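Residue numbers (the working numbering), protein chains in the order written: chain A, 1 to 116; chain B, 1 to 115.
Simulated from the structure, these hints should not be mistaken for lab results.
On a predicted model such as this, the values are computed, not experimentally measured, just so you know.
One or more of the hints may lead you astray.
Stated by the list, open to error - Capping the alpha-carbon separation at 30 Å, the derived lysine-lysine pairs in BS3-like fashion look like this: (1) LYS42/A with LYS15/B; (2) LYS17/B with LYS68/A; (3) LYS1/A with LYS57/B; (4) LYS57/B with LYS17/B; (5) LYS68/A with LYS15/B; (6) LYS1/A with LYS42/A; (7) LYS57/B with LYS11/B; (8) LYS17/B with LYS1/A; (9) LYS68/A with LYS57/B; (10) LYS1/A with LYS68/A.
Take a look at the letters that make up each chain.
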Amino acid sequence: KQEVTQIPAALSVPEGENLVLNCSFTDSAIYNLQWFRQDPGKGLTSLLLIQSSQREQTSGRLNASLDKSSGRSTLYIAASQPGDSATYLCAVKAEAGGTSYGKLTFGQGTILTVHP
Amino acid sequence: GAGVSQSPSNKVTEKGKDVELRCDPISGHTALYWYRQSLGQGLEFLIYFQGNSAPDKSGLPSDRFSAERTGGSVSTLTIQRTQQEDSAVYLCASSFLLAGAYEQYFGPGTRLTVT
């Protein structure tokens, strides 16, 4: 059974700092990995999706990397801003053909606070 | 274009009552998913629909939970004889296809409180 772990559970940084959020998964047979942002009381907003064949994806100040063989992904946020404060979730989608195909398995999330 | 919408946004019900939660996916998306987010459990998969294929119900926690998708679009998640442990945020997502590198787009969720 796939298990996804995110470290740290919570992070508080001053504005302007670069930071890294970590995600690890136990079964490397994944199709892709998706990073989401969730604001309090809101749904999930997709940030980046990395295919299993890719090493990284970038969008603005965000960069996500994937090391499938070691079961790890990182989300790098450059020059953090107070508006980046939210819960960040990573999720993996299993490879085709398995019983878990199609569904996302989520980590518990990292609660990020960026203070001015 | 319009995103995934869910209704109601909040639902308070008494223990033992039935509830129906609705999801309108993004137009043209063939795959639709239900997840549940509760304190201490995180986000967990419940069920997905893909086109005319049989749904994957492997995540439904008990036979009190059921879902249907009519006309390949709108979906309803029904919880019968609600229990307090059913209190959670129920999230719906859709994607263009189940297969392939298609992102899942999530709705705002329905917060269910069972008293």
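So, going through the hints one by one against the coordinates:
1. Using a Cα cut-off of 30 Å, the hinted pair LYS42/A and LYS15/B holds, with the two alpha carbons roughly 25 Å apart.
2. At most 30 Å may separate the alpha-carbon atoms for a hinted pair to count; LYS17/B and LYS68/A exceed this at roughly 45 Å.
3. With a CA separation close to 17 Å, the supplied pair LYS1/A and LYS57/B stays within the 30 Å bound.
4. Simply put, LYS57/B and LYS17/B have alpha-carbon atoms about 22 Å apart, close enough for the 30 Å limit, and the pair holds.
5. Between LYS68/A and LYS15/B the CA atoms are separated by roughly 44 Å; this puts the pair beyond 30 Å, and the hint is violated.
6. For the hint pairing LYS1/A with LYS42/A, the CA-to-CA distance comes to about 28 Å; that is within 30 Å, so the pair holds.
7. This hinted pair checks out: LYS57/B and LYS11/B have alpha carbons roughly 23 Å apart, not beyond 30 Å.
8. Under the criterion of a C-alpha separation no larger than 30 Å, the hint pairing LYS17/B with LYS1/A is inconsistent with the structure, at around 33 Å.
9. Of the supplied pair hints, the one linking LYS68/A and LYS57/B holds, its CA atoms being roughly 28 Å apart against a limit of 30 Å.
10. Pair hint LYS1/A plus LYS68/A holds up; C-alpha atoms about 16 Å apart against a cutoff of 30 Å.
Taken one by one, the earlier hints fail for this structure at numbers 2, 5 and 8, listed in ascending order.
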